[in-house]
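Chains as they are written, first to last, in this note's numbering: chain A, 1 to 499; chain B, 1 to 487.
No wet-lab data here; the hints were simulated from the structure.
This one's a predicted model, so the numbers in the text were calculated from it and none came from an experiment.
Idealized CB from N, CA, C, for every residue including glycine.
Just to be clear, a hint being listed does not mean it is correct.
[Said to hold, decoys possible] Here are some of the chain A residues that sit facing chain B, going by a computed Cβ distance under 8 Å:
(1) Phe11
(2) Ser65
(3) Arg66
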Amino acid sequence: MILVTLISVLFVGGLACWLSERVNPNMPRTIALITVLLDFGLMFSLLGAGGTSTWLAVFEAPWISRFGISFYLAADGLSALLLMLTAFLGVVAIGAAWDEVRERAGFFYFNLLWTLAGVVGVFTALDLFLFFFFWEVMLIPMYLIIAIWGHENKNYAAMKFFIFTQVTGMLMLVSILVMAYFHYLQLGALSFNYHDLLAVSLPGDMGLWVMLGFFISFSTKLPSMPFHSWLPDAHSQAPTAGSVILAGVLLKTGAYGLIRFAVPLFPEASMAFAPIAMTLAAVSILYCAKVALAQDDIKRLIAYTSVSHMGFVTLGVYAWNEQALQGAVMTMLAHGLSAAALFMLAGGLQHRIHTRNMPDMGGFWPKVPKMTAVAIFFSVAALGMPGLGNFIGEFLALIGAFQANVTLTVVAAFGLILASVYSLWVLQKVFQGAYNNKSFDDSHLIDLSRREMLYFAAMMFGLVWMGLYPQTFLGMSEPVLAQLLSDSAQPLVTSLEDG
Amino acid sequence: MTITTADLLLLSPVLALTGTVVLAMSAIAVGRNYPRTVLITVTGLFLAAVSAMTLMPDANQQVTPLLIIDPYSLFFTALICLSAMFIAVLSYPFLESLDDEREEYFLLLGVATVGAVVLASSNHFVSALLGLETLSMSLYGMVAYTVHSSKADKYPLEASVKYLVLSAAASGFLLFGMALVYGQTGTLAFSSLAHLSGTSLGNGFSSIGLLLIIAGLAFKLSLSPFHMWTPDVYEGAPLPATTYLATIGKAAVFVVLLRFMEVSEAMTLAGTLAVLSLLAILSILAGNLLALLQQNVKRLLAYSSIAHMGYLLIAMVASYHVEGQVGVEAISFYLVAYVIMSLGAFGVTSMVSSSDSELDTIDDYRGLFWRQPLLAAVFTAMMLSLAGIPLTVGFIGKFYLFFAGVEAALWPLLAALIIGSGIGLYYYLRIIYRMLESASDSDHSAMASRLSSGSYGVVLCLFLLLLALGIYPAPVIDLIEAISTYV
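With the hints as constraints, model all of the structure from the sequences given.
Written as structure tokens, this is what we have:
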């Protein structure tokens, strides 16, 4: 029941934000903040629950019995970690929007909370129909956030975001339906239940095609080459809060889908496909790091680095061993924080000087010392400095991947060098050098406020915790990953014995 | 052949409709009174729907050789009558400002509904043709209704003549096809064709006959390549007539096409499936691609309806391949969804318009979200539903189509469905985006100042239905599962 509450609190809170705007234009943001904090608090009650089972909480109710669809929510350690990330970044996003979004604030927070509700649904749904349902539900409010509060080219960006994710989503829907139909053929009843579908074995090439439906959908959201081109547009046009949610949370739903569904449902097809997926990952890491260096728009640059970092997640997932998966999960969490922080910094800059164009910037250090310090911290985190969360994630992913595919891992590791190059390059461009010949109005170029510092401090704390004592997080995801690994290993073993 | 009282009871929806029209006509003869005529029509349509729903649980009988009254036909009778009632309510404010006689429009609407109900209950060529012609004849009048108005915003005469000429030609095809089939089989009932499909229907004349019948019905459904009339007629007709044409005009014909195909087992004939698949793919691609180019909401919805009819044909093809009734269920559910979302979309359009100024270019909707949030939210929901996004009934409908397609392993048709839906997103989102833009001052004056509360009630009702069936469709799915066994 706790899971239903988690979702419905956000839905109801969103409606309340919308309605409360009529009372007072400042009320929506307060209500939104209270709602997300409440949700965050409720999530902690998940941690102790569950007892010996890996599932911390389960809720199941019949929904559409004609198709064997049930309203089946369940959370384990992996879901719980991602749920907390979602709520944490939800609070951060509200902070980012606090002063920035003045126009139609009620509707903005409505969309923000409904996006979060969709994401919470995605991280907890274990009925594949329900999963798809939430997968699509989170798109519309995100589309509206970009389309209404976005920047100069918002229509194009919002449309591209929606069409990319929706069309590839339909491929996943077909794949889900094929799974359900084969469950009907092999076991006599339609079912969309995750545990039931794990038992389905697809004949011949069918497994590969169906797996591809999931893979394309998830790697579009992740995103990975060659389905990444929506992301730089969406990020550069979205308002800061939208970018925070997009980079911090929405991308992680793709990674979560790969770990939870794409590989476990099709272990054999996935392992056969792994070299291609890992190659795509390595190409993503290097290519997007290189493309990032060619950007003038600071938000586009951060967006490309996101694609590059998410490559380590794909690499880790398709190596499919415990270290690699741990690395993938840690990268998801750490990148969620560091990318969100970088987008907030870029958004903060844009809010102050109304441009994202880096050649116009430079020499900001003396003007905004606190902001510079924060930017250095998160850039260094993003490039993988030991002691911070990103290092743990990428290091584990590479160690795990090394056991699966040496060549690709070695190639992918060069991404770390490129990451250092672009991170330091941005710092140099924006904060160092001489401050003169500025073409913009710099009267609003003021340092971070206390409220902003508070959010950044919270994110710094998270990254340091992940870097210095990752066991807290590894311990939560470890039993889940072990379970996934052993589940997917069994069919492989039996098929080897048969063969 | 005698007709018993029990038969008359089963025919009560049709009788109620006919009675309504006669009553309304007599009332007009006594004295013209616009609200009274509308009230009579709306009440009659409502009573017909109620009687169909009460009869539904245990009716299953052939009444005269022409009509079959079973839960399936009664379900669609109720759907048609309720939709017609909604359209009548929406028409009321729309025609109120017309500088011409307004009452007769509702007679035409009633007669058209009689035709549609006969179509839904038909399992005989004669009743199919009678129903179709009754429906079309009334629609000619409805399309041309504002022609004598000095202020008519559109070109109803052009639309009406175009519809009349092309529709008559299509009826000619249909009749010729029926004659050829009759020449081979000596029967006009759908069910007696089934026994003959193995032998006499297999040869050349019957195949050509079948193709002509399909072409005739494809014209009425505006399936590509028989779709040329659709955008012009949709654009030229007054909005409530367009609404009628787009919803009931399509649904009733699809029901009779479905029954004909299922009962006569026409799809076992070589080539029929290929023809239907081709029509489906062409309609999906042509409808969606041409919709991309439109600046006019009515034309855009016309092209999108072509695409939606193509989606429905996928389920029709699937119904041949799969055991059980999933294809029929998918068609039935999607028809319900399609009627709800088209009614809603056209309903909002006609609410902001009136007979002397139709707001139908996409630019007219700029900023609607901030001027009329509720109306714009309804319109947005309808667009998202047409695009097949969750939380709306359109998603469940599309899910059903995908499900039928997957069970039948129709991969090329599913690919067309995905591509078509992808293209469709673009033009539906374009309308939504336009509504979200900030309005300029000149836009405020352009819209009808007074919104009728009746129309508001109708679109809100449709909006709630859209959400309710999108979130908890189980009751309707169960009902449709039960009635689909009767086809």
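For each hint, the structure was consulted:
The beta carbon of Phe11/A comes no nearer than 11 Å to any beta carbon in chain B, farther than 8 Å, and the hint placing it at the interface is violated. Residue-level restraint check for Ser65/A holds (minimum Cβ-Cβ distance to chain B is 6 Å; threshold 8 Å). With a least beta-carbon distance of about 5 Å to chain B, the hint placing Arg66/A at the interface is held under the 8 Å criterion.
Violated hints amount to a single one, hint 1; each of the other numbered hints is respected by the structure.
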